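Peer 1: Next come the chains, spelled out residue by residue.
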Amino acid sequence: MYVELHCHSAFSFLDGTSLPEELTLEAQMLGYHALALTDHNGVYGSMAFAQTARDIGLQAITGAELTLLDDSHVTLLAETQQGYANLCRLITEAHLGREDRRDPRLDLASLEQRNEGLVILSGCRTGLLPTVLLREGLSAARRFAEHLKESFGAKNFFIELQRNLVQGDRALNYGLCDIADTLGLSVVATGDVHYHTRDRYKLQDVLISIRNRKTLDNSHAERKPNSEFYLRPPEQVAKLFRDRPDAIANTLVIAERCASFDLTRDLGYTFPDFRGHTLQSASQALSELCYSKLEELYPPGSPHREKAEKRVAEELRLAEHHKLCGFFLVYRDLLKLATKVAADIRVGTRRANSGLLPGRGRGSSVSSIICYFLGLSHIDPIANDLFLGRFLNESLASVPDIDLDFPREIREELMRRVYKHYGDEHVGLVCSYPTYHLRSAVREIGKALDLPAGELEQLARLSEHRSSGSLRAGGLREELKKIPALAHKADAPLWRHLCDLAEQIAGLPRHISQHVGGMIISSRPLIELTPLEQSAMPDRVVCQWDKDSCDDARFIKIDFLALGMLSLVEECVELIAEREGVSPNLSRINFEDQQVYDTICAGDTVGVFQIESRAQIQMIRRTRPRNLEDLAVEVAIVRPGPIVGGAVNPYVRRREERRTTLAQGLAYEAPVDHPLLKETLSETLGVVLYQDQVLQVCQALAGFTAGQGEALRRAMSRRRSRELMESFWEEFRDGAMARGVPDNIAKRVFQQVVAFSEFGFPKSHAAAFGLLAYQSAWLRYYYPVEYYTALFNNQPMGFYSLDALCRDAARHDVQVLLPDINRSGVYCTVEEDSLRVGLGFVRDWSWDISGQVVAERERNGHYRSVCDFVRRAPPKLGRNSIEHLIWVGGCDGFGLNRRELIWQVGLLLPPKNAGVGNARVRRQLELPLDNPHANVRFGCVELDERLLAEYQMVGFAASGHPLILVRDLMPSSIVKSGKLESLEHNSTIDVVGLVVARQRPETARGVMFVLLEDEDGMTNVIVPPAVYERHRIAIRGEPFLWVRGKLVKDDGTLNIVAQKIRPLRVNRSKAPASLPSFKSPHSFLKKLRASAPPSRNWH
Amino acid sequence: MVKNPRTPIRPDRLRPLNSPREVALQVDDSGHPLYVTDTKGAKKIEKVLDTWRVDDEWWRNSISRNYYELLMEDGSRLIIFNDLSTDRWFSQSV
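So the sequences go chain by chain: A and B. Per my numbering, the very first residue in the first sequence carries number 245; after that it's consecutive. Per my numbering, the very first residue in the second sequence carries number -17; after that it's consecutive.
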């Protein structure tokens, strides 16, 4: 009866309010047989739309609404594969041809040149034809329509009629019909759909307000006038257009024409094929390469030779079967390119000959012996007994992922070279779509509703940090009720709207962003497969599809990931080489060094790769890893998959049982849920720890075929993976039943399987990361100064703030020296056995300005006085910035105290608010005659002030822990963390500390973990849900906490289970000697609260 | 420029401009409007010039109205609307 040909999804960012899935399901329910998706300047949601539509038997029409240079719109629909390719090229041109990447526009001339295979509709009320009609009148519009008819052809150009009950529609439609009838053009009815059901119009109003950075009251002109932009039942549209039945009939005609192109089928993507120098085929070349490597790495007689031979034969067979030989060889070429890039970057450095790899493999590809032979992995898959099926199997439905980690600078350059190597049109980064989180939803919707900013901030800050997608119905209202200052507003109309809309916005994409490292290379120009656009980062081009859409398109995604730890290792090795003359070869260090493992087992791992978090430190004291295999387990176990699957406690318990049993000289056999699982799970003591075990368990217990395994593998890595994985239950149960497995056991095991819909590691990935974890622990143990220096320079990374890292360095005898104008570099440097903080770390000192200051010093010698410094410093260095440096002692070397230095700067530079901005203005210095302030005396800056200044100017306190200053004011009953070890289990104690991190993982059932730090170290506080609810304002908002609770000593770990929590207060009216600069301890604490660095919130 | 009358502001004398006045609408069997009746009596509708809908101010006092721009028999123009929340009709000057 009618097909909707003009429909926006939420991928018309901050405009459409329904996901493609919602639109397709609604269309099916209303009886549509076809539906077009025409998002603004993109096909972002088209693949997801086409996939969902295909699944429910709806014809998906791919299209887009493009913005032209004059701001008018035109609707394009792909009729053929060529039409789709043209659509992608036009969208790309609209994006890449503009200076402002957020304002894509297309020149109409481009559309006139490239419109083969496209059906062109004249657009909405702001469409190319209606705009001329409304602006210039009927005659001009008629002339313009005639021109368009000539350009596109009468067969391909349709005049769009919309009836959304907007004032003026009737006259507009009358004019458009008149033009169509006069020129012999066809008309077509469309709905300009922006939401799948009418009730979403409020959200659309809000999104428009957000997009225009206005309140609802102020965005009247931009918002749609009514709620008529929903997907209407076809019969209702037919009734609206009963005077123009041809407009309705033409929707069917166009849908029929577009039926020949199916995005899920007709894309035509091919990966660049291997082009060897010789005439041999890819399979021959790969085979030769692998067998020569086999001889080298597993020579005859070596322990794993036989297994390796079998494995390489099997993998080559699978590679041949899936036509992946060329794919592997192209990867080898890419690695060669990376090796060249790494060599170019390291040339002239001391680490050039240190044997550092250009990058490392991660993920499931590490399990492949071919990858190992090609250098794409550095882990021996045979010696580590890695399961191949997760990466390569008989029924592989999509091309496997090979993920590679690189140091940041190598990755940047490599990406540039890949663009150059394959050509701009053939390469693009995978995009991602950030969705609303609770905090962003509260802030943005609240602003549109014109709610008080302070109260919104309070709600956003004190509410649970979680994705809006996980927000339950009424969830935000419950949060609101829990905040005493806001509880009474929960039922106020505007706040009620805020709560309702925050739930509706859940899961909607907000804008396009860049995937962490996925890159697509195509032999056919990629811009004919998916449009490309400029990323927020300069020189980066992203394609308009995310990871899932690229997977559906069967694109081969190459993950070039930047791993901060690799950059850290590079820098650390360089620093060691500078000091010692030679750099350590990290692939040949002692991997059985028990001193390193002792440090790890003691939980002394702050700053170490992957095993530094609060939860990891807790776990590491229980599992006590003593070799690389144990470290791989450690890396994998503290992940949502094993935690939700209930694997953690049984594993730790059995590991201890095994240790004691073996110590007694007895054999140990871990229990398993069913004998069929014995072989699969014996290595991990009867529990599922690794992602690949999920497939193995399904094969062993339920007899899953390779095809089922592959389907499960794909389900595991998708969005909404839990629902997808749960859909395998019946197959699993039936398969298990056929093998005589009781229903309750099948159910129990399946729960462990589904748990891996949450994040989990394959063993290969854990092995790769475990190795890097050991290498970083080794560097930290033997070269702490170099390690912490590199750690500071590679921030942000890891679990801890610089403040926490600074004191951890001090606990390892690495003194952190504050910036000094004559000693510091731009970044942190090693100064004998200390770490000297770089000038770039000072507030308001950019890397660029710091570089100029250092360069000037290197050119013309040390700065001799503050006057000399001010004269020689770059003009852009403002007075504030100079004062910031002085406050942290950066000019102490000039021999004056800090206040006097600041006084002198004041004499040399104009005051902060002198109407010249913050820019330094050189002016003639006053003659020192009759200076009334000549004999002014300046008091020195005391420790309390220094400490606050450090927090304010560099973000961390290098002079010591702030609690040192108020410790004497606190009751003696408060225990320092260093004393906890000597106390009895279960004793009730009081502790105070700076909140380093808060964590409330969804897997912890409402329990919150708070990491407190005092002068001695860190303490883990477990906050049960009831205590959390009672004291949530303090827990979430206060930087310093006082906690009363029970000390729990269990299996090498120390925890405090909180009973009562409140902000840190000191009940003394007069300040002690330790706080000479403050009238009272209260005023010091108040200032400290405002200056302390924000804690890290994890979930 | 309007001259300042120099009289004090009298809030009690403020009145909204162009406030809608309730009317009755007579329609035919197909729902097509025929007559508008206000305090001055019934007027015949010659033609419906335009119709549109407004949904707005839902965050304050929700407005949902169907508007009709009418050409009356006497040649005058009239805008009337149906308040969808109360199903009452009002007229507004053009």
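Keep in mind that the hints were calculated from the coordinates and are not lab data. This structure is a prediction, so every number in the text was calculated from the model and none was measured. No residue lacks a Cβ here, since even glycine has one placed at the ideal position from N, Cα and C. Worth double-checking, as some hints may not be accurate.
[As the list claims (entries may be wrong)] BS3-like mimics (lysine-lysine), calculated; alpha carbons at most 30 Å apart, straight line:
| # | chain 1 | residue 1 | chain 2 | residue 2 |
| --- | --- | --- | --- | --- |
| 1 | A | LYS537 | A | LYS483 |
| 2 | A | LYS483 | B | LYS26 |
| 3 | A | LYS468 | B | LYS29 |
| 4 | A | LYS537 | A | LYS551 |
| 5 | A | LYS483 | B | LYS29 |
| 6 | A | LYS1304 | A | LYS733 |
| 7 | A | LYS1304 | A | LYS1220 |
| 8 | A | LYS580 | A | LYS791 |
| 9 | A | LYS1220 | A | LYS1120 |
| 10 | A | LYS483 | B | LYS25 |
| 11 | A | LYS1323 | A | LYS726 |
| 12 | A | LYS1330 | A | LYS733 |
[What the hints assert, rightly or not] Some chain A residues flagged as far from chain B (calculated, every beta-carbon gap over 12 Å):
| # | residue |
| --- | --- |
| 13 | PRO469 |
| 14 | SER531 |
| 15 | ALA692 |
| 16 | ARG823 |
| 17 | GLN943 |
| 18 | GLU970 |
| 19 | PRO1154 |
| 20 | ASN1341 |
Peer 1: Would you mind marking each hint as holding or not holding in the structure?
Peer 2: Here is what the structure says about each hint:
| no. | hint | verdict |
| --- | --- | --- |
| 1 | A/LYS537 - A/LYS483 | violated, 73 Å |
| 2 | A/LYS483 - B/LYS26 | holds, 26 Å |
| 3 | A/LYS468 - B/LYS29 | holds, 27 Å |
| 4 | A/LYS537 - A/LYS551 | holds, 14 Å |
| 5 | A/LYS483 - B/LYS29 | holds, 20 Å |
| 6 | A/LYS1304 - A/LYS733 | holds, 27 Å |
| 7 | A/LYS1304 - A/LYS1220 | holds, 17 Å |
| 8 | A/LYS580 - A/LYS791 | holds, 26 Å |
| 9 | A/LYS1220 - A/LYS1120 | violated, 46 Å |
| 10 | A/LYS483 - B/LYS25 | holds, 29 Å |
| 11 | A/LYS1323 - A/LYS726 | violated, 35 Å |
| 12 | A/LYS1330 - A/LYS733 | holds, 29 Å |
| 13 | PRO469 | violated, 6 Å |
| 14 | SER531 | holds, 68 Å |
| 15 | ALA692 | violated, 9 Å |
| 16 | ARG823 | holds, 65 Å |
| 17 | GLN943 | holds, 55 Å |
| 18 | GLU970 | holds, 38 Å |
| 19 | PRO1154 | holds, 45 Å |
| 20 | ASN1341 | holds, 31 Å |
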